[in-house]
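Keeping their order, the protein sequence lines are chains A and B.
Using our numbering, count along the first sequence one by one with no gaps and you end on 225.
Using our numbering, count along the second sequence one by one with no gaps and you end on 1305.
Honestly, the hints are just simulated from the structure, not real lab data.
Cβ atoms here follow ideal geometry from the backbone N, Cα and C, with glycine treated the same way.
Don't take each hint at face value.
Said to hold, decoys possible - What follows is a set of in silico ranges between Cβ atoms, one per label pair, in the way DEER data are often shown:
| id | chain 1 | residue 1 | chain 2 | residue 2 | range |
| --- | --- | --- | --- | --- | --- |
| 1 | B | Met1001 | A | Ile41 | 44 to 52 angstroms |
| 2 | A | Gly200 | B | Arg1172 | 36 to 44 angstroms |
| 3 | A | Pro27 | B | Val1229 | 40 to 48 angstroms |
What the hints assert, rightly or not - For the chain A half of the interface with chain B, some residues (derived, Cβ under 7 angstroms), not all of them:
| id | residue |
| --- | --- |
| 4 | Gln43 |
| 5 | Thr105 |
| 6 | Gly108 |
| 7 | Asn115 |
| 8 | Thr118 |
| 9 | Ala129 |
| 10 | Phe131 |
| 11 | Ser134 |
| 12 | Ala142 |
| 13 | Pro163 |
| 14 | Leu164 |
| 15 | Ser191 |
| 16 | Gln194 |
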Amino acid sequence: MRREVPVLITSIAGLVFAISYFIPHTPFGRAESIFGDWVSIVQAFAIWLGVLNLLKVSLEKIFRKSEGWPYSYLIIASLFGTLIVGFYSGFSGINATPQYTYSDTGTGFDWVYQNIYTALTSTMFSMLAFFVGSASYRAFRARNIQATLLLISGFLVMGGRVPLLDRISSIFTETPIFSNLANWIMNYPNSAGQRAILIGIALGIMSSSLRVILGIERSHVGGGN
Amino acid sequence: MLNTLAIIILSLMGASLIYVLYRTIDGRPVERRIVFAYIGLAVMLPLMMKVTPPLPITTDVQKLYEHIVKLPPGSKVLCAFDFDPPSAPELQPMAVAFVKYAFKHDLKLIIMGLWPQGPQQANMALQEAFRDSLVAVKPHEEGIDWVNLGFQSGNEFVILSMGDGFKRMFPRDTRLIPYDSIPILKNVVNFSNIDFIMNFGAGYPGTREWVQIGVDRYKSDLGAGTTAVQATEVYPYLSSGQLVGLLGGMSGAAEFEKVLAEKGKASTFILAQMFGHATVMAFVIIGNVAFFVLGRKKKNPEGNN
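Start from the sequences and build out the full structure, keeping to the hints where you can.
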């Protein structure tokens, strides 16, 4: 029963979503709305599961003194610190006149968001620029025809999406040749490739969805044999 | 002074790349930290320069502009902020420009987010828009001129359920005011009461999901602002007409600011991106020149032709 019931729920939900796309009327349309609400509720619970999992993993690291265990203290402190600041800002806002929310400008949560969270995540993301620079010097080589095509198109798009190559070509002509070329690459070869990928993904999703709906594929309910 | 200094340093950097080329061809490639220093300086120094490079307006941005200028005052625009701080350098300037335009032209903004950080980014965009003197001329009231409905979990299923009724997914706004008590939402039941959707998306859920459900299923008009990386994925929707226009990455944001005659952050950042790209392209050239020269030397060690 532990496996049959989830498989049955998955099959019914999958069938409802598939049918309601073509017949968006009662009862399928209504059932689709209900299942849609379920998704939101389940995902909201998943956020809590994420928090609990983070706590479990971090505490295990501390107790086992695994590599980098002092950082787990920082994770737990950050988690609870943000939670406390958020709740405090929220409750203060409810009781204030005029009311404000936990995320409004000037609240403690907003301070954490703008001065800690934004700075940290932006720093992590901006490191990509350095890795791209290093990779372009050491790895991006025209070793074969495919790599050469990729290199040329990448080169043209990089130079054409910013007013760089057009600045150089403006010595000879007013027409933004490289900008037009970059747009052509994005609109035609790129779109064609993306469409092919999208169609491939859609066919893959359809076949795997059918396997799930028909109960052939059961890995999502876990448990092995 | 800073401007001149930045130009001098960047010129020296450009000249020193010849030495990097020489070393690389000689089989002594420069260390990774040197490459990092080049990239860091190429991105940072242009931020000190007060130069706005000439920027041609691409058709993707022009199409979006032509669509939004047709929206009459009082039009209801659903604005989906589906991004977080790492993508903000690209998406926040276009969001700010759009919010400013909306307020200056009396468009009514209904803000929401499929990403938890989205509504917070919207608040930041609103605050920046209110600092604009032309926006501040007219008082804009929350609940009347704009509303922030906040975040709702469920990814594309939120859009799907909004087709039945926005109230189902957002019974209250971020201030906990009931949906029915918010003046801007009067007569707004579902997508049929929305004149235009603008999505600022950095991934999943984002523009693709808005196209697949908001446009294909509920026949809404959708414009999008995406990161440069994600723009490649949504181009097929642009040529098929499912997107009315697209702002792709920093260049899209800068073009949007230019077409709206807004002097925003993207117009400054684009110069940094330009130098960043130039440096990466220079390293690609150096790496490949060295690759071919060293390859030839290995094939022909005596130097005979």
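Hints and how they fare:
1. Met1001(B) / Ile41(A): 44 to 52 angstroms: 59 angstroms, violated
2. Gly200(A) / Arg1172(B): 36 to 44 angstroms: 42 angstroms, holds
3. Pro27(A) / Val1229(B): 40 to 48 angstroms: This hint holds: roughly 42 angstroms between Cβ atoms.
4. Gln43: Because about 4 angstroms separates glutamine 43(A) from the closest Cβ in chain B, which is inside the 7 angstroms limit, the hint holds.
5. Thr105: Hint holds; threonine 105(A) Cβ to chain B Cβ min 5 angstroms, cut 7 angstroms.
6. Gly108: This interface hint is violated because 13 angstroms lies over the 7 angstroms limit.
7. Asn115: Hint on asparagine 115(A): violated, closest Cβ of chain B at ~11 angstroms, above 7 angstroms.
8. Thr118: 4 angstroms, holds
9. Ala129: This hint holds: alanine 129(A) lies near chain B, its Cβ roughly 6 angstroms from the closest one there, short of 7 angstroms.
10. Phe131: Because about 9 angstroms separates phenylalanine 131(A) from the closest Cβ in chain B, which is outside the 7 angstroms limit, the hint is violated.
11. Ser134: 5 angstroms, holds
12. Ala142: 6 angstroms, holds
13. Pro163: 4 angstroms, holds
14. Leu164: Constraint on leucine 164(A) satisfied, holds at 5 angstroms.
15. Ser191: 5 angstroms, holds
16. Gln194: 5 angstroms, holds
The structure fails hints 1, 6, 7, 10 (numbered hints given earlier, in ascending order).
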